[in-house]
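> Each chain, letter by letter, is given below.
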Amino acid sequence: MENTNIYVPYKMKIEKITEEAPFVKTFRLKFVNEEDASKFSFRTGQFGEYSVYGEGESTFCIASAPTREGYIECTFREAGRVTKSLANLDEGDVIGFRGPYGNIFPIEEWKGKNLLFIAGGIALPPMRSVIWNCLDLRENFKDVTILYGARSVSDLVYKHELAEWNARPDVNLVTTVDPGGEDPDWKGKVGFVPTILSEMSPSSENTIAIVCGPPIMIKFTFPVLEKLGFTDENVFTTLENRMKCGFGKCGRCNVGKVFVCKDGPVFTLKQMKELPNEY
Amino acid sequence: MARIGVFICHCGENISATVDCPKVSEVAAKFPGVAFSTDYKYMCSDPGQSLVVNAIKEHKLTGIVVSACSPRMHEPTFRRACAEGGLNPYQCEMANIREHCSWVHEKGDKTDQKAIDIVRMMVEKVKRNNALLPIKVPVTKTALVIGGGVAGIQAALDIANAGHKVIMVERDPSIGGHMSQLSETFPTLDCSQCILTPRMVEVAQNPNIKLYTYAEIESVEGFVGNFNVKIRKKAKSVDETLCNGCGMCTTKCPNKKNPNEFELGMGNRPAIYVPFPQAVPNIPVIDKTQCTYYKNGKCKICEKVCQPKAIRFDQEDEIIEVAVGAIALCTGFDIKKTDFFPEYGYGKYKDIIDGLQFERLASASGPTSGEIRRPSDGQVPKKIVFVACAGSRDPAKGIEYCSKICCMYTAKHAILYKHKVHDGQAYIFYMDIRAAGKNYDEFTRRAIEEDQAQYIRGRVSRIYERDGKLIVVGADTLMNAQTVEIEADMVVLATAGVANKGAEELAQKLHVSYDQHKFFSEAHPKLKPVETNTAGIYLAGACQSPKDIPESVAAASGVAGKIACLFANSELTREPLIAMVDRQAPPMYSSCTGCFLCQPVCPYNAIEREEVKDRNGNLVRELAFINPGLCQGCGTCVAVCKSKSIDIEGYTNLQMYAEVDALLNS
Amino acid sequence: MEIINKLIDKSALATLIERFTKSGKEVFAPVKSKGISEFARVETIQDIDFETIATKQSAKSLVFPKVEKILSYEKTFDDVIVNNVDYTQFPEVIAFGNRPCDAAGFIPLDAIFAGELVDEIFKARLEKLTVISISCKKADDYCFCTSVNGGPGNTTGSDILLTETTADEYFVEIVTEKGKAILDANTDLFKDTAAIDKTPFLAKLEQQFTQEVINEKLNGIFESDIWDKQAMRCVGCGACAFVCPACGCFDIQDETKGKNGVRHRCWDSCGFKIFTLHTSGHNPREKQAQRWRQRIYHKFSYQPEQQKLFGCVGCGRCSRACPSDMNIAEHLKEIAVL
Amino acid sequence: MEDIKKLARELLADNKVQLVLGFENGTANRVRPAFFTTPEAVDKLIYNEFCIQNIALYLKKDICQHAASLAITANPNVVRSILQLAAENQIKEEKIKIIGITHEGKCVGLLDFKAAEEFSKTQPKGLKDEDKALIEKIQAMSLEEKFDYWVEAFSPCIKCYACRASCPMCYCGKCNVESNNPQWIPVAPHKYGNMEWHMMRAMHLAGRCINCGECNRSCPVDIPLNILSYMLSDFVLEEFESEAGLSAVFTPALSSYTMVDKENFIK
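Residue numbers (our numbering), protein chains in the order written: chain D, 1 to 279; chain X, 1001 to 1666; chain A, 2001 to 2338; chain Z, 3001 to 3267.
Any given hint might turn out to be false.
Listed below are the simulated BS3-like cross-link pairs for lysine-lysine, each with C-alpha atoms no more than 30 Å apart in a straight line [to be verified]: (1) Z:K3128 x A:K2034; (2) A:K2287 x D:K270; (3) D:K25 x X:K1030; (4) X:K1023 x A:K2259; (5) D:K84 x X:K1057.
To spell it out: a stretch of chain X is covered by chain Z in this simulated footprint if at least three of its residues, at any positions, have a beta carbon under 8 Å from a beta carbon of chain Z; those stretches are [claimed, not checked]: (6) 1583-1594; (7) 1643-1653.
Since the hints were made in silico from the structure, they are not lab data.
Glycine residues also receive a C-beta, built at the ideal position from the N, C-alpha and C atoms.
My request is simple: use the sequences and hints to build the entire structure.
Right, here's the structure in full:
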């Protein structure tokens, strides 16, 4: 019987595990079946449902860029039942993956523009997919600025890639940690993301801002962007809500009339403003 | 990324003779998450431990299961090895395939399977272990000694001499306890008071000891290293700082016909009194129940005669709060009143007394100045019968245990009697002579051989009076259970030693456990004889069970040693295997509902109420909080928590569930 | 398809049901047991309760059971074998004697489970289902189908609708191809007739509001305090959603025994606090009032927007089942006059 | 009923309480819980023999938690619930005024906790004849029959949790069935999931249930859950001489130990 059951995940093997920060890990996943791999494609911004059989499914974005073919990556923090059991797995173990689900960052439309990425803490993963996607198509965009903050130095994820971005002449990377989170070797900034953003005062001219972070960071970052002259259409963010199915049937992730899983997770600030405050 | 190492120990042949260790190791190697598995003849040996240490490093293990003996035996050994390998020591679990498997089963496939199952359970458990850090608790280097008998005195002096502060609380107006009431001590016949009083004075004079007499424990809160104790200092009606102990008040008190407790009713004392001449402190107290002024509002003669003006009729009980780090419980014992033996006529016949009363009669400071005279008419008894085991070793009527000291003191009484009444004859009814102890048997033999005490092996069935004589009827089991009848002038019953009155209440205040006889329970009958189940509270002397003087003193010194060890560091380290209430970031705070139904089940009084406040200081929730200093990790609270908000570190619900799951669903 | 009108008498109906069961079809109909009527498997017409206005639970479990396996898996040492559900083997089911509102409920359910990604399990069940409804002669205080574009003789969702015209006879409306297939296979049981005006044989139920008005009102009252007021006595159970023929929200749960396990889909309710609770403790719908509002908006605003249909069929089951008299019709009426 | 209304009106008028929790007429000839905040609103307050829903439930809901002080029309079941909730540290005496109402519907005025304890003792637990008959029937069963009976009785359960939601004693913020690490109780409403859920709930209520019967009343599929609780309460009373809802100070039999506790269950 051909598998048309939308609940049956792909089988994926954990190829590589990277410890990013305390309780944060990145899995590089490969399709076990060649056929699945050949049929599969995704675009930046999309997410999936990751299964540990016997424990359940958990939702994370695809943290790798579509331009890097042959694998997908996800980064997660140990929090609930599924993420804890995911964290217990080893390289070579098999998990399930359903996806890709959700909408995308419209990077085609951003051609010829400056990009300003603003991320906080464990919200860098969804952003990382876009960043690499854009950097892999670097000639399409003008200035690329990345502002990334975390609570402390040890909480910064993708430390190698931060170093790589930092070394690139065509990327302007600013990293910051919350006051008190620095260590003696810290060379980045100290301060909350919205404050640092104000200090940086980037131009809103011909610029797209992409913001991902904890609700409190987002709440204080939007007004700064507005002050800098960013229009609501040019500010993008991703929403997270509890999900089960991933395709708009189970009924729990909606914000007003939109399902975060189906109509999101990527929203412009303009769209966000039309949504009721239920996220 | 669990990478578990499994180490199967042969324990010589202890395990391997029954369990196929290589097979278990082979099977375990295939368990999910097991990165390394091996077996070895003696895992606890040096090479065995090195095997563990090296495997952890080589295979980058994240946890180990040592499948060997009981964790009681070698868990500390392998936790150390685990730490040496660079892991948190609590990432080590023991799978007990010796006591739980090889020792209790025959060789066979089923036994191997059981060993495999035990290992599988522990593998699943250790996968879910958390790295734990030992708990550090600050220590207040002051000890509280409850009870001022010989045990309390010894403990207090030893602790004080180790350089620590001691607070001693004594219920009576003077310290000294039962030992101060004794005449001579066995087996050396030293004068009891002569050897005790200097120690009492030492207590009074030691600058490290603060003494509260006529005081009781009101409440105890806190935990090892950090107890907060409230002491009720009962009103003596005398200002201790002014009184110079001249004794004028006691001499002039017109109300002198009160039964003297110290003499066990065999003498009188005034309403304002010092219990005995050598009392420490030598300060009188007014017995409010007897004092004419307190009863009728008139008299105050003591006040008039007191030169330093130390009498305070308006004095009230005082509550003193002290912070202490350890508590020595030395509250001693009592002897059973024999009125539950009406057939022995106690109470009915004045000349049937108990052993302690005999001590007073034989004591030079006693009511007869050391002459043996019977209470009824002051005559010197010529025939005296001692009844041992009066209530002891009698499950039917009295108590089932042996009171331990009676055999010896009865022999002593017989000797003292013979020394004082040369033409007198002592008879002793006994069950067995229990005289195990240095020079004890020699002592009882001396009573028989030198002092002609006549030992009759048998029990007394009845005592009654006939023609002014006490007729003691018993059986001599060595003479075919022939009935023996002795016409005695006086009878001394060696009544059972029992828990002191108020022991149960005190135990509850301190949260120490006690046995069915209300004697305080030690933590382990062999290996922790002076500890209680509550950390930081220790036991010495007869409050634990009947003990003689050297035993009490030895235990007291043991307690002092324990307390000195505790006080040797300013922080104490405790195993982190304790209960924790779930706490989360707001808005959840916790899944605890604050019902506090866990509070009454905690045997250690470790569950407190914690108030959760928001940023503005408003009370949001009340939650259970488990005091890490008090919790012993027993898990009772976990069982009653309906919302599953309590977990024991090292034995979390998740770990237990994984173990059961591994067993049932293999 | 144009509706075909027929007549059938009761003995023919009994024969029809017998033929269904003999041919291996599973017939589910209202059955009264211990005082309550629920859908249950029947063998003959005698088992069926024709009188109950509405069963306590809806007929939705025929296509959306309260718990359903969506896949199974077997874990080996280093692999997991996932087994699909063989939904081609589902039995043919006849829903018989349900009310028009029950039949109408399959429409919004289908809209949820179809969509861009089709839920094949649901689809297979629905395809194997034939709905033979019976029009309502009676209505009770909780019924409000006429206010939500339904009615006691509404054919929506039914393959065949029966209307009792005399003590012995039913007027038959064959609505769909599935219905026609039954007619074609059993022509001997049906009698020809012209179209009949059913009105005299139907329950009278006054319209209290219209869905369209509710839909429009909802545009401006998301932040209104009416939600707090209405939800004040809501106890937060899921009874309303579970008895609702149109509620399709579900949960996915794994259950393992040893190496083998099953992934289930089971009913869930937007009334539950943990429905939307994040692992972090944050809850987008923290208060019961928000959850009540979600229920109303979902049925009367979001579904019309997303699926061009309403998520309520006016059966009144939620109101009947509510332990604290949260009457949805009353609340909707309140909203309609805001 | 008039005296209840008068009391409620006065309490609100004198600002003694911010909220009165009671009943009003509902839809379809039903009565329903209602919340009164002004003396005028009290006109709608009713009390009659149909007002049997255990409204003590609402004491743990936001509306009552946020009110600084409140009054409640309390029939004996509600009074018992309040005392039990107080014993479990869920409500404070200073916050609540109890308008006591007997089984017969007679108002006995305001009750403080001490009076409520007395009141509670004089108002026996009501058990319907059919419930009694069912209990007798179940008690006559063998162990296996009992097990089968309950498996069958739980089988229609749809896990809507109305039993939990309408029970004043089910106040846990995170119910055991929602605790998924480990997943103690299967969530799915199948045979074992239903069995484990109801058994767990019954055990959590053993000795704490005040036997109002609300679980059964609210159950859409009519499972006799009240019988299960009642039988357990009865057992606890018999074995441990402990009864819920009689005192604001209470230690449940199942989380306490006394020397007189029987140990005859150890076989």
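> Each hint needs a verdict: does it hold in this structure or not?
Hint by hint, here is what the structure shows:
1. Z:K3128 x A:K2034: holds, 17 Å
2. A:K2287 x D:K270: Since the Cα atoms of K2287 of chain A and K270 of chain D sit roughly 26 Å apart, the hinted pair holds (cutoff 30 Å).
3. D:K25 x X:K1030: Status holds; Cα separation ~25 Å.
4. X:K1023 x A:K2259: Status holds; Cα separation ~22 Å.
5. D:K84 x X:K1057: Status holds; Cα separation ~24 Å.
6. 1583-1594: Satisfied; 4 residues make the cut.
7. 1643-1653: As far as the segment 1643-1653 of chain X goes, the hint holds, because 4 residues have Cβ atoms under 8 Å from chain Z.
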